[in-house]
Amino acid sequence: MAADHAWSVRARGIGPGEVRVYARNQVLRVGKQASLRDADAHPSAIEHLLGALAADLVEGFVAEAARRQLTVDATELRLTGSLDNVLVHLGVVGETGHAGLAHVTGTLYVTVDADERVLDALWAATLARSPLYQTLSRAAEVDVRLKVTH
Amino acid sequence: MNKPILIGAVIYEPKVAVIWETIKEFFASEGCPIDYVFYSNYELQVRALVDRHIDIAWNSPLAWLDALRQTGGRCRALAMRDTDRDRVSHLVVRAGGSIRTLAELRGKVVATGALDSPQATLIPLEVLRRAGLTASRDFELVRFNVLVGKHGDHVGGERDALGCLAEGRADACAVLDLNWQSWTGDGTVDPARFALVATTPPFDHCNFTALESFDEARAERWTATLRRMRYDEPKHREMMDQEGLKAWLPGRTSGYELLSDAVREQRFFESGA
Numbered sequence: 134m135a136a137d138h139a140w141s142v143r144a145r146g147i148g149p150g151e152v153r154v155y156a157r158n159q160v161l162r163v164g165k166q167a168s169l170r171d172a173d174a175h176p177s178a179i180e181h182l183l184g185a186l187a188a189d190l191v192e193g194f195v196a197e198a199a200r201r202q203l204t205v206d207a208t209e210l211r212l213t214g215s216l217d218n219v220l221v222h223l224g225v226v227g228e229t230g231h232a233g234l235a236h237v238t239g240t241l242y243v244t245v246d247a248d249e250r251v252l253d254a255l256w257a258a259t260l261a262r263s264p265l266y267q268t269l270s271r272a273a274e275v276d277v278r279l280k281v282t283h
Numbered sequence: 493m494n495k496p497i498l499i500g501a502v503i504y505e506p507k508v509a510v511i512w513e514t515i516k517e518f519f520a521s522e523g524c525p526i527d528y529v530f531y532s533n534y535e536l537q538v539r540a541l542v543d544r545h546i547d548i549a550w551n552s553p554l555a556w557l558d559a560l561r562q563t564g565g566r567c568r569a570l571a572m573r574d575t576d577r578d579r580v581s582h583l584v585v586r587a588g589g590s591i592r593t594l595a596e597l598r599g600k601v602v603a604t605g606a607l608d609s610p611q612a613t614l615i616p617l618e619v620l621r622r623a624g625l626t627a628s629r630d631f632e633l634v635r636f637n638v639l640v641g642k643h644g645d646h647v648g649g650e651r652d653a654l655g656c657l658a659e660g661r662a663d664a665c666a667v668l669d670l671n672w673q674s675w676t677g678d679g680t681v682d683p684a685r686f687a688l689v690a691t692t693p694p695f696d697h698c699n700f701t702a703l704e705s706f707d708e709a710r711a712e713r714w715t716a717t718l719r720r721m722r723y724d725e726p727k728h729r730e731m732m733d734q735e736g737l738k739a740w741l742p743g744r745t746s747g748y749e750l751l752s753d754a755v756r757e758q759r760f761f762e763s764g765a
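Quick note, the sequences are listed as chains C and L, same order.
Quick note: the first sequence uses this note's numbering, first residue 134, plus one each step.
Quick note: the second sequence uses this note's numbering, first residue 493, plus one each step.
The following block holds chain L by itself, in its conformation from the complex (with noise of 0.2 Å):
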């Protein structure tokens, strides 16, 4: 029998399981099965990949940073979305006030997502850092921190952190390109508020980690059969748009530099966050 692959996901919200039964029912339908495991959260996850309870882990850009980390760099990175490449985040403060400038934030309020949310805290911190901003010694950091252990997936943290620079009780926030632009068009956000005060070098999102030890032929099969869902195929399409891409692409390892500084100039895992 052709035994399943088994893909590990970190979900929250429920709906996403239909994601997931749909992108089983594709692989069935290639003749490459996979089954999926669930999990609350990340830490969880790379635990499971290292472990190899799981085969590939659905992996935030932090969880991949982890997985590298506790296998010392024997992962792999096996596919990714379109929309994982080349994200950025905005910088945003209100509109028609004093500070035009990063280093205008000096001695203000700065509020940030979940502090594990590469998007809304880890590397707008590091950007600010880069400014010479450190977070307590020069501005005032207020975290919101929803649902710690999903890596930001949850955008809460991150639209709170924007409720509270829209309420005057922060003075910036943080805000992934894409929630940007989806907030802005659905009318949760009127941009004619604010202003983006800088915005981040891009980095890389998601990606499919596998670690080194396995099996070439079966990842490249995986990989094969993952890279054929097509975005004009009614069957795969509304699966894509929920998951918010129109082609899977190689995964590639050279976008997260700049969250691997972060981590490691905020000692993230270090600190057991």
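Bound conformation, chain C alone (with noise of 0.2 Å):
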């Protein structure tokens, strides 16, 4: 039988365009569900997520390294998601589809020196082992690359 752990949070409305999310120790300020605008006081909910898709990719990948004794120099990955509808989430009569995130794509760039079979055998653990590119990529459709840099 599967081991089981729960994370917990705890979300506050603190005004229009914020929200507290308390974890552990730690707080979150989130703005709007996805904002629009070039400036906003706090990242979109959407953002946070995409955030922790790539914190959890850089962060596992850098893991992942060290189990091989491979020591990575740089990371640096851009993800850029969409949703199926963005005009079904700000609630236009008459459109179609939905509100959720249907593409995420991007790119980790990193510096590290590793033969190709190896890196590839490090992105593979460092996908399988993500629970939020497990999570997400069940549900959208999620092209994360990696390329190494010197």
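Please note that a few of the clues may not be correct.
To be verified - Some chain C residues judged to face chain L by a derived CB distance under 10 Å, without partners named:
(1) Q159
(2) V163
(3) A167
(4) S168
(5) L169
(6) R170
(7) D171
(8) L220
(9) H222
(10) G224
(11) V225
(12) V226
(13) G227
(14) E228
(15) L234
Stated by the list, open to error - In silico EDC-like pairs for lysine to aspartate or glutamate, Cα to Cα no more than 16 Å straight-line:
(16) L:K727 / L:D527
(17) L:K727 / C:D171
(18) L:K507 / C:D173
(19) L:K507 / C:D171
(20) L:K516 / L:E735
(21) C:K280 / C:E228
(22) L:K507 / L:D645
(23) C:K165 / C:E180
(24) L:K495 / L:D527
(25) L:K727 / L:E517
(26) L:K495 / L:E708
(27) C:K165 / L:E513
Read the hints as simulated data drawn from the structure, not as lab findings.
Positions of the beta carbon are idealized from the N, C-alpha and C atoms, including for glycine.
Using the hints, put the two chains back together into the complex; each one sits in its own frame.
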């Protein structure tokens, strides 16, 4: 039987455009669900989700590299996500589709001294052990590539 | 509580929602609260206005005529942008060709925007009709029906028609003056490759439409608040630039005759388009 563990967060609405999320001893400030403005006081819920996936993959890659005694000199991951139909999220009468994420794409740039075969295995393990990738890739098309830079 | 006035707007581009959020914040700050409902097409929005689900509709010129039609004329145009007045469309041909007059389009191919675009289809076809040229009889019509239902707000069909002309698959097309200025100014179009063979008479574009039964005092308060937006106020300017205006003006209804003739001659509403 699978081992079980649950994580909890608590969210409180502070005012328009701000929700505070408490997780253990940490606080996250979240703005709108999906903001279309150029700038806001807080990241939107969508950005938190993409940020969480990005952090999960970067942290996972570094951890997998450490298990193989590889030193990662630098990592940078850029992710872009889009909804199936953002107009449904905006409540446009007559639009079809859904408000959920449909596509997430991005590239993880890493500086690491390892051959291609090792890196392929490392990246596969990263994706296999990533809670957020394994969740989101079952609900949306998630395409994140690994690219080595020197 | 001051009940918000409900405004309808058709949107196809998510960023437009930001404009409406800014307008809502402005009205709230002026003590005249509004809320908005977005529609995917003008048919739904006009229906919502006629059924009084919304108080005011930000209507295309075709939606204005549709609202008049469905209410027996019992609508008011409360306000419009300065840029909604006296627009024209240009009939465009390739430069250096044989076509120098509308009459020379006989037997040729004319590309238009979406079938419900006033500026890129309905009005240009009416101008051609007045010049003695009827689609399918006197010239071949090629439509670019991009996002039908949005009345040409989405310029995709208009741009595709111009592309069709540029590629030599059509002999003429129609472009709204503001789009022509924009596209020749930003390099989308090389004006040296084209010539303007005719320009339509002036016509008016969008307006904020209310039913005659909408409370007069609320309508006046809303209109007065809208007209307090100022282009020299930085907080308003970005929104006004995005919406393409420098001032809100009173709504007028004298600029829709050309489109009215067009929809009647083309039996637009009767055809169920």
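| Checking against the hints above, which ones are violated? | Violated hints (numbers, rising): 1, 2, 15, 16, 21; every other hint is consistent with the structure.
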